[in-house]
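Enquirer: Take a look at the letters that make up each chain.
There are 2 protein chains.
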Amino acid sequence: MKIEEVNNSKKEVSFFFFERVNLMKIEYNLIKTEKNTKARLGTIKTNYGTVETPMFMPVGTKATVKGLSPEEVKETGSAIILANTYHLWLRPGEDIVEKAGGLHKFMNYDGPILTDSGGFQVFSLAKNKKKDITEEGVHFKSHIDGKALFLTPEKSIEIQNKLDSDIAMSFDECPPASASYEYLKNSVERTIRWAKRGKETHRNPNQSLFGIVQGGAYEDLRKYSAIETVKLDFDGYSIGGVANDGESKEDMYKAIDYSIPYLPENKVRYLMGVGEPIDIIEGVIRGVDIFDCVLPTRIARHGQAFTRNGKINLNNAKYKEDFTPIEESCDCYACKHYTKAYIRHLLNTGEMLGGRLLSIHNIRFLIRLTEELREAIKEDRILEYKEEFLEKYH
Amino acid sequence: MKIEEVNNSKKEVSFFFFERVNLMKIEYNLIKTEKNTKARLGTIKTNYGTVETPMFMPVGTKATVKGLSPEEVKETGSAIILANTYHLWLRPGEDIVEKAGGLHKFMNYDGPILTDSGGFQVFSLAKNKKKDITEEGVHFKSHIDGKALFLTPEKSIEIQNKLDSDIAMSFDECPPASASYEYLKNSVERTIRWAKRGKETHRNPNQSLFGIVQGGAYEDLRKYSAIETVKLDFDGYSIGGVANDGESKEDMYKAIDYSIPYLPENKVRYLMGVGEPIDIIEGVIRGVDIFDCVLPTRIARHGQAFTRNGKINLNNAKYKEDFTPIEESCDCYACKHYTKAYIRHLLNTGEMLGGRLLSIHNIRFLIRLTEELREAIKEDRILEYKEEFLEKYH
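So the sequences go chain by chain: B and X. Each residue of the first sequence is one higher than the last, beginning at 260 in my numbering. Each residue of the second sequence is one higher than the last, beginning at 260 in my numbering.
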């Protein structure tokens with residue numbers, strides 16, 4: 260097949276094995292709210308079938324969940340995965356992804372994909388915040404070759420339109436955790452203006468667009484940000500600025516508590532960048548529906564595994580002759596077929612399969628956590644579930 | 260499951276999903292010899308079912324075929340895989356593999372496994388050949404921590420007995436390609452004495468043991484080595500010393516031609532370390548049954564892929580917008596689901612999936628080559644097949 264053929268017959272590409280079931284924006288459906296908390300059970304109808312919430316979304320920054328095949332990702336029970344606008348803009352470039360027939364075909368993932376806006380990466384690369392962040396957009400240097408780049412709300416949306424993800428994010432200003440009230444106030448106002456500009460630019464009828472609530476741990480700023488963003492009428496709402504650079508757990512919970520009351524019941528709520536088990540539980544209890552984080556794959560590459568008793572490090576010599584799986588109770592591919600002793604051997608000898616098995620386990624761990632949270636909501640026992648979980652998890 | 264339980268119930272380990280079909284040594288069955296050449300069609304009955312020859316065996320040095328799961332290896336059509344005695348002796352140690360229930364259970368591979376003797380690694384690590392190589396064994400330094408080590412024919416077999424591979428290799432002296440006739444003569448005689456010592460040490464009734472023919476490109480030495488090794492009555496015979504350090508193709512073909520006439524018809528013949536497509540074809544034509552090489556996975560990690568038109572490098576910018584598979588005609592997982600443009604993107608961004616997809620393709624390429632060679636033998640057209648292959652492969 261030649262490039263021209265791909266371009267001329269996007270719908271007929273028979274080379275790949277999947278097909279969209281719909282061509283539409285997402286639809287959130289609230290099934291129930293838990294009796295004692297704000298925890299919500301729901302579904303999201305997507306272009307690739309209906310998925311359940313609360314949900315954890317694995318991250319595939321550069322159009323690949325690090326080390327895993329799409330089949331392995333799906334086998335963990337994952338539904339929506341993430342990809343990163345900034346990284347794909349630089350390599351391979353949004354035009355190549357578009358020519359490939361969009362991100363799904365490019366990476367062979369026949370499930371829903373969410374793209375972030377690039378905001379977080381861009382702000383961490385902008386060295387002189389005062390000078391580099393202008394009303395028009397953000398000046399910064401490429402992390403690959405130092406080339407001067409400029410990203411605007413319009414450009415972020417244009418890139419995401421071409422990537423053809425199912426859910427796009429507005430381009431927001433991501434302030435540092437240490438930012439002053441004044442800085443945050445300006446940042447919130449600018450983020451709303453940028454959200455508006457992005458929405459006006461958005462052209463992809465099969466792609467949903469989310470607005471992002473900012474405002475640090477300040478009640479009035481979060482309230483203002485939520486109300487003004489909701490006025491712009493997005494397809495879903497994210498809570499940002501909770502996992503940028505070391506925000507405290509208390510500030511994260513405040514940020515959620517101050518934002519949630521002003522978000523509409525009939526739209527999905529997304530807490531960006533959060534993946535510690537306890538934070539997912541706390542987020543769900545506070546009314547969050549979806550979460551994403553690089554944590555499960557990142558700690559896997561360093562030899563760490565989530566377990567019900569907390570994280571363990573498989574590099575540890577004590578696992579040398581431990582012929583049990585990572586977790587006896589886990590149903591993931593790694594736990595069904597491999598021992599700690601073997602995984603330790605793989606890590607110890609620098610073999611790729613080690614990080615891959617741990618990534619599978621860690622993603623499955625968080626997916627199972629959300630599966631159990633959904634059950635707990637059904638049974639109105641989410642606070643009990645939290646207590647039981649915390650009793651073991653250290 | 261505790262270590263003790265594994266030790267006490269090796270046969271009942273239910274944690275893993277496979278079982279041996281037999282407990283026996285291998286049996287080679289010659290089906291036919293091609294009309295115009297010495298090429299042989301055959302089968303090998305193993306502890307994990309009957310497999311066909313000619314066959315290419317992927318290498319899993321440290322109890323993992325680099326980057327691949329056992330399921331992926333099997334999906335390429337592979338049967339026997341290799342593991343390395345020297346590397347597993349050092350890490351994790353043969354006692355840990357034995358406690359795990361043997362190499363198959365340790366690495367979750369329910370197919371036949373062949374272990375090399377460590378000879379090749381040890382000789383490349385022995386700095387002072389004259390001083391370090393003694394009649395008793397070889398002194399050398401660990402490639403990991405420089406620790407002084409000593410490997411003997413007996414120790415190599417004892418390690419392999421514990422690893423519980425299906426096929427073990429005798430510990431041979433691997434002379435450099437530049438070795439003199441005198442050096443080679445002594446080396447051949449010592450290798451025969453070592454083969455005898457190894458055979459006397461061998462204790463695993465479910466493990467076959469192969470003898471190794473050495474002698475460089477000298478007709479008399481190869482003849483002598485083959486005849487004397489066959490007298491010791493091994494379960495199969497390897498032709499060694501053809502892929503140690505840059506032997507020429509001419510010398511490789513001579514080594515095969517000078518050895519094969521003295522090997523028994525009813526035993527399998529293994530050309531060690533050979534994996535270039537043309538060398539596999541030439542080896543088969545000369546009467547070789549099985550081959551192994553790190554080549555398909557090694558070049559994959561550097562971005563190279565085998566194709567019918569020769570090797571290509573997917574790092575090349577010309578594949579940036581090439582939305583065709585590596586090979587249109589290939590039935591591997593990588594070619595069925597991914598484009599050159601995507602694989603290039605993965606390589607370009609350092610993503611692990613890139614090398615993994617290329618490894619799958621390259622192994623499948625060599626497996627398909629042997630599948631086609633088997634067909635060509637059936638049809639007595641192996642010389643035509645070679646011509647057709649060479650016409651395209653550059």
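Take the hints with a grain of salt, since some may be wrong.
Any copy will do: because identical chains look the same in the list, a pair fits if it lies in one copy or spans two.
[As the list claims (entries may be wrong)] Derived pair list, reagent style EDC-like, types lysine to aspartate or glutamate, alpha-carbon separation capped at 16 Å:
no.	residue 1	residue 2
1	LYS490	ASP391
2	LYS444	GLU478
3	LYS455	GLU395
4	LYS333	ASP369
5	LYS579	GLU357
6	LYS444	ASP479
7	LYS577	GLU643
8	LYS513	GLU478
9	LYS297	GLU634
10	LYS389	GLU646
11	LYS579	GLU353
12	LYS482	GLU311
13	LYS333	GLU311
14	LYS444	GLU638
If you're looking for bench data, these hints aren't it; they were derived computationally from the structure.
Enquirer: Does each hint hold? Answer for all of them.
Expert: Now for the hints, and whether the structure bears them out:
1. In the homo-oligomer, the alpha carbons of LYS490 and ASP391 never lie at most 16 Å apart, since the shortest distance is 29 Å inside one protomer and 81 Å across protomers.
2. When the C-alpha separation of LYS444 and GLU478 is checked against a cutoff of 16 Å, the pair qualifies only within one copy, where the shortest distance is 11 Å, while the shortest distance between copies is 87 Å.
3. For a Cα distance limit of 16 Å, the shortest separation of LYS455 from GLU395 inside one copy, 13 Å, qualifies, whereas the shortest one across copies, 81 Å, does not.
4. Taking the closest pair of Cα atoms, LYS333 and ASP369 come within 16 Å of each other only inside a single copy of the chain (9 Å); across copies the shortest separation is 25 Å, beyond that limit.
5. Taking the closest pair of Cα atoms, LYS579 and GLU357 come within 16 Å of each other only across two copies (13 Å); inside a single copy the shortest separation is 48 Å, beyond that limit.
6. Taking CA atoms no more than 16 Å apart as the test, LYS444 paired with ASP479 passes inside one copy only; the shortest distance there is 10 Å, against 89 Å between copies.
7. In this assembly of identical chains, LYS577 and GLU643 lie within 16 Å of each other by CA distance neither inside one copy nor across copies; the values are 33 Å within and 58 Å between.
8. Only within a single protomer do LYS513 and GLU478 lie at most 16 Å apart by alpha-carbon distance; the minimum there is 8 Å, versus 83 Å between protomers.
9. For the homomeric pair LYS297 and GLU634, the shortest alpha-carbon distance inside one copy (15 Å) is at most 16 Å, but the shortest distance between copies (66 Å) is not.
10. Taking the shortest Cα distances, LYS389 and GLU646 never come within 16 Å of each other, neither inside one copy (45 Å) nor across copies (69 Å).
11. In this assembly of identical chains, the alpha carbons of LYS579 and GLU353 lie at most 16 Å apart only when taken from different copies (12 Å versus 46 Å within one copy).
12. In the homo-oligomer, the alpha carbons of LYS482 and GLU311 never lie at most 16 Å apart, since the shortest distance is 28 Å inside one protomer and 70 Å across protomers.
13. Proximity of LYS333 and GLU311 under a CA criterion of 16 Å is satisfied intra-copy only: 14 Å inside one chain copy versus 34 Å between copies.
14. In this homomeric assembly, LYS444 and GLU638 never come within 16 Å of each other (Cα to Cα): the closest approach is 41 Å inside a single copy and 80 Å across copies.
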